[in-house]
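Here the protein sequences come in this chain order: A and B.
Reminder that position 72 of the first sequence reads as 72 in the working numbering, one-by-one numbering, no gaps.
Reminder that position 210 of the second sequence reads as 210 in the working numbering, one-by-one numbering, no gaps.
Treat the hints with care, since some could be wrong.
Label pairs and their calculated CB-CB ranges [claimed, not checked]:
#	chain 1	residue 1	chain 2	residue 2	range
1	B	N188	A	A276	16 to 26 Å
2	A	P242	B	G148	53 to 63 Å
3	A	P259	B	P57	43 to 53 Å
4	B	G243	A	P259	42 to 52 Å
5	A	G74	B	P57	52 to 62 Å
6	B	K140	A	R287	51 to 61 Å
7	A	P189	B	T130	35 to 45 Å
8	B	A61	A	R287	51 to 61 Å
I should point out that these hints are in silico values taken from the structure, not numbers from a laboratory.
All C-beta atoms, glycine included, are put in the ideal place defined by N, C-alpha and C.
There are 2 protein chains.
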Amino acid sequence: MILLAALLAAATPALSPGDIAAAAPASAWRAVAPENLLFVETPRGTMAIELAPDFAPAHIAAIRALVMAGRFDGGAITRVQDNYVVQWAARPGPDKVLTSGGAAAVAAGSTATPGGVAVGTGPGAPHPATLPAEYERPAKGLTITPLGSVDTYAPSGFAKGWPVATDKRSGTAWLAHCYGAVGVGRDNPPDTGDGSELYAVIGHGPRHLDRNITLVGRVIDGIADFSALPRGTGPLGFYKTPGEQTGLTRVRFATAADPRFEVMDTTSKAFAAYLAARTNRTGFFIRPAGATDLCNVQVPVRRVTP
Amino acid sequence: MILLAALLAAATPALSPGDIAAAAPASAWRAVAPENLLFVETPRGTMAIELAPDFAPAHIAAIRALVMAGRFDGGAITRVQDNYVVQWAARPGPDKVLTSGGAAAVAAGSTATPGGVAVGTGPGAPHPATLPAEYERPAKGLTITPLGSVDTYAPSGFAKGWPVATDKRSGTAWLAHCYGAVGVGRDNPPDTGDGSELYAVIGHGPRHLDRNITLVGRVIDGIADFSALPRGTGPLGFYKTPGEQTGLTRVRFATAADPRFEVMDTTSKAFAAYLAARTNRTGFFIRPAGATDLCNVQVPVRRVTP
Chain A
1 MILLAALLAA ATPALSPGDI AAAAPASAWR AVAPENLLFV ETPRGTMAIE LAPDFAPAHI
61 AAIRALVMAG RFDGGAITRV QDNYVVQWAA RPGPDKVLTS GGAAAVAAGS TATPGGVAVG
121 TGPGAPHPAT LPAEYERPAK GLTITPLGSV DTYAPSGFAK GWPVATDKRS GTAWLAHCYG
181 AVGVGRDNPP DTGDGSELYA VIGHGPRHLD RNITLVGRVI DGIADFSALP RGTGPLGFYK
241 TPGEQTGLTR VRFATAADPR FEVMDTTSKA FAAYLAARTN RTGFFIRPAG ATDLCNVQVP
301 VRRVTP
Chain B
1 MILLAALLAA ATPALSPGDI AAAAPASAWR AVAPENLLFV ETPRGTMAIE LAPDFAPAHI
61 AAIRALVMAG RFDGGAITRV QDNYVVQWAA RPGPDKVLTS GGAAAVAAGS TATPGGVAVG
121 TGPGAPHPAT LPAEYERPAK GLTITPLGSV DTYAPSGFAK GWPVATDKRS GTAWLAHCYG
181 AVGVGRDNPP DTGDGSELYA VIGHGPRHLD RNITLVGRVI DGIADFSALP RGTGPLGFYK
241 TPGEQTGLTR VRFATAADPR FEVMDTTSKA FAAYLAARTN RTGFFIRPAG ATDLCNVQVP
301 VRRVTP
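Here chain A stands alone, though its shape is the one from the complex (with noise of 0.2 Å):
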């Protein structure tokens, strides 16, 4: 049996992490949908992200109401730390004044206005000016495919396509902080983001950030426009000036005629083989490290042509 085994294996030369994915039938895709999927448009590239509404629902209706609003339009990214992330903000307001119908004008200035509605502060503002944390919810719920390899900060796995951190004595699961994890900035107390302030990670993994502050989804396209952005160099990679900083020329949700995306299911047995094959790398790789760390597997995205 082990000879027939070996030699089974021999035939079957083993897949890498990227075959299995470009393998993967329709079924081990789940799509993103259009009303999770955000598109933030500057001139120097457009990065896709998809929000998570199971992890941080009261951030997302904020970070909605604020994208309806056009808040983010004619914001900035504000901060690039090398190794860390990339920062970027809305504008401190007006809103866009909506036409009847539907089409968004900004209204003139960057400081409130008698025609615009302060978001947060004015009549009809759609989010509080604070939000409480959502660092972690329950696991209830989550179907989590363990990583099955140690995790240095908690035990993890995957669920819905979404890197995840568990912890069994409070029944909790969190998003983790991998490349690519898009969260809301807060000044020092736990609740003061507003969701108008929103970083991605650009380097090594700062688990560290964990249930500590809140995540709300993760870059699934176009990352590498914006991580290759030049670094601030004032403290904590904060740009010196306005002219260093790139703007945000739009942000906005999916319509139609945008590309779809799709994520893999990570309960599917292709996810299982990706898995192990990341755990376990072949071709160029002389010996295995039969583990790997959980930002090191980053769940396949694709993108289909309607």
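Please build the complex by placing chain B on the supplied structure of chain A, with the hints as guidance.
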């Protein structure tokens, strides 16, 4: 006693990792030897690399010979793969022709000419065309400060300022692929590297490469100009055309006129405090992680005025 300890703790606010590094005494630092300090100069910035001859002496001898022969001058950054590596290559040849005074002049052309000596092939070739793997070394002789957290890949820690992983059974240790680690490109056979193609990690630590490729050091200054380079759009992040590449103006070892660098002594009390502070962050952090992965530590480096 417990109360007193609590009072003392309250009276001494926890220092951040940065505070600890800033306050570390002179005795907590070791100088980077000029003969191990390599500058990679480009129009986009200069990177300072500390080489680790304790870990890869043959590869470093080969790199040294290539540098002294001027083979990297006129080379180029040929690959930038997002969340992975930036890679640069020596000119195909010939070597610079050294004048009697030791000053170097680049022989015309980028392929071997009668006046030049192609490294590894011509008479007097300073190193063999290929080098045997230097993926690990005996742990004996290294003083290893343990990480103090569970490492997904292998028991790990710090030796002489380097992040290292270990295998008790084989009694070996090796440099780990953390952000900034510098390695020697190779083809599929394990011994095809000759030191003429080097890479630096610019993404989440690809620890699966540990013991699969020879690491020779790490970037201790200036990586941000290189991690921010445009990503290559060819397979594996290679640039498709030479016009996209960034040239290497000069690659050279340090002289007395250069800035000097020091790396924190990882056997010092200051480093123990730094590691503890990285493991349990305070200030902004509401819930300290109680653990850290190897690559989230980043041994402090400082520039000293001669």
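Here's how the hints hold up against the structure:
no. : hint                           : in the structure
1   : B:N188 with A:A276: 16 to 26 Å : 21 Å, holds
2   : A:P242 with B:G148: 53 to 63 Å : 43 Å, violated
3   : A:P259 with B:P57: 43 to 53 Å  : 51 Å, holds
4   : B:G243 with A:P259: 42 to 52 Å : 28 Å, violated
5   : A:G74 with B:P57: 52 to 62 Å   : 56 Å, holds
6   : B:K140 with A:R287: 51 to 61 Å : 21 Å, violated
7   : A:P189 with B:T130: 35 to 45 Å : 58 Å, violated
8   : B:A61 with A:R287: 51 to 61 Å  : 24 Å, violated
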